[in-house]
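**Q** Each chain is listed here by its residues.
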Amino acid sequence: MRVLHRMKSLLQFQIIGVMVLIAPCTWAEAPDARGPEQVVNYLHDSLIKAMREGEKLGYRGRFDLLAPVVDQTHDLDFIARTTLGANWAQLDAEQQRTFSDIFRKLSIGTYAGWFKGYGGERFEFLERQAMPRDQVMVRSRLVQPSGEVVRFDYILRQGKDGWRIINILADGVSDLALKRVEYRAILQRDGFPTLIDMLKKKIVLTEQG
Amino acid sequence: MKSTPILALLLVCASVLAGCATMRPSDPNMEALESHERMDSIDPNEKTNRKFYEFTDMVDRNILAPVADVYIKYVPNPMQRSIGNFYDNVAYPNVILNDFLQGKIRQGFQDTLRFVINSTIGGVGLFDVAGPMGLPQHDEDFGQTLGVWGVGTGSYLFVPLLGPSSYRDAPGIPVSFFSNMLFVAGTFASSAVMAPISVLGIIDKRARLSGPMRVRDQAALDPYLFVREGFLQQRKHLIYDGDPPPESYDDPMNHDIPPNEPAAGTVGQTIKPRP
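These protein sequences, in sequence, are chains P and E.
Numbering of the first sequence is given in the UniProt record's numbering, commencing with residue 1 and proceeding in unit increments.
Numbering of the second sequence is given in the UniProt record's numbering, commencing with residue 1 and proceeding in unit increments.
Take the hints with a grain of salt, since some may be wrong.
Unchecked claim - Only pairs whose alpha carbons sit at most 27 Å apart, straight line, appear in this in silico DSS-like list of lysine-lysine:
1. P:201 / P:56
2. P:200 / P:116
3. E:51 / P:201
4. P:105 / P:56
5. P:202 / E:47
6. P:105 / P:116
7. E:73 / E:205
8. P:116 / P:201
9. E:205 / E:51
10. P:200 / P:105
11. E:51 / P:202
12. E:73 / P:116
Simulated from the structure, these hints should not be mistaken for laboratory data.
Please read these numbers as outputs of a predicted model, since none were measured by experiment.
Chain P on its own, in the form it takes in the complex (with noise of 0.2 Å):
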């Protein structure tokens, strides 16, 4: 009885030892689960916060707030290859991670610069809208105090993390758009360390906001 007994202690440890490693693991992947919608919302609710808290944290507070939600919310390496399209496959490895790690920082401190006082705004969630190549349109729009309308409309796509945004509309305006048009025309006319160069500077004036 007591070999029974202790057999069956010995599987209740192994099973909350066992637990104890899963559960980690379930909330880490706790991302993955979300929706377009939820995703999207997390990234709201995130930005909100920042702007609420914005004078408290100051500038390196929002970026630290931001910068996993940033990470959980985004596909940034996506974005940055398809920023430089068919370059990006003419950088070696080295100048790949170069430029993602510069890009990661640079669309975090943009968050962070603008986002970064709080009026009374919010966030409206609008439709969720069937793209081709299996992505998906979440739009919104952010009604500021005086009633300004701003819409933001997002693009995700599901990668092995789970749904990421992978572009966002502002009022229209495509910021991966203007990003690829801009960075390959530097890149083709001043090239890469010019790039990295001018989009350093960049991450500087977001501190300014």
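Given the coordinates of chain P, work out where chain E should sit on it, guided by the hints.
**A** Frame of chain P; chain E shown alone:
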């Protein structure tokens, strides 16, 4: 945060409105070539346009921007709003005209009523009393009308001192000029009255652009391209009255595929012409 007013319909404009399907090139060299050709097709006069842009930017930074900054800093906000309302109202016949040209009959009558109300009980347009009465301001012009009629964007054009435009939007410049009530008033009022009103109108316009200009200065790597792409995209947005159908989305992946990405989904995207 509003990055709006400046900001690119890429290539496809002509083919988009014509309802063509865009195929993705599979060879990277072809992609680059196509991308390059696309730039040329939308902005064949880039050299001249850039010169006009640089000239306008120089005038803006040295004269207009400093004056607008002083205006923004010292003129109280309610007064700025009223001045803005006044200039919007005198230009409103252009909106009404283009409402009707686009077949928006109901909106045309509503805008006419808005213009009459604001010009009278709104104190010659200084106060937007029609807005709270359920007659909101609309944004229509002849360039948008041509877009609604199915005319393609045509080549990009930077008009010195006036700003970004296109072959399709440029005809709208004289239309808005002659339909402006200030033009009508100028035919019988003395220049001593009209000159300061016109100058204040320029300052008001520039002051309202200060936000987008700041976005440009902070975000743009190549301000000329930033303004061009932003403008062309925003025009497309306006043609759809700020609510473009999902089919109008110009997917960057239609132009080329990012490397290391498996092709998925539809190959091309067919975009219906605007009715």
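**Q** Hints the structure violates: just list their numbers, smallest first.
**A** none
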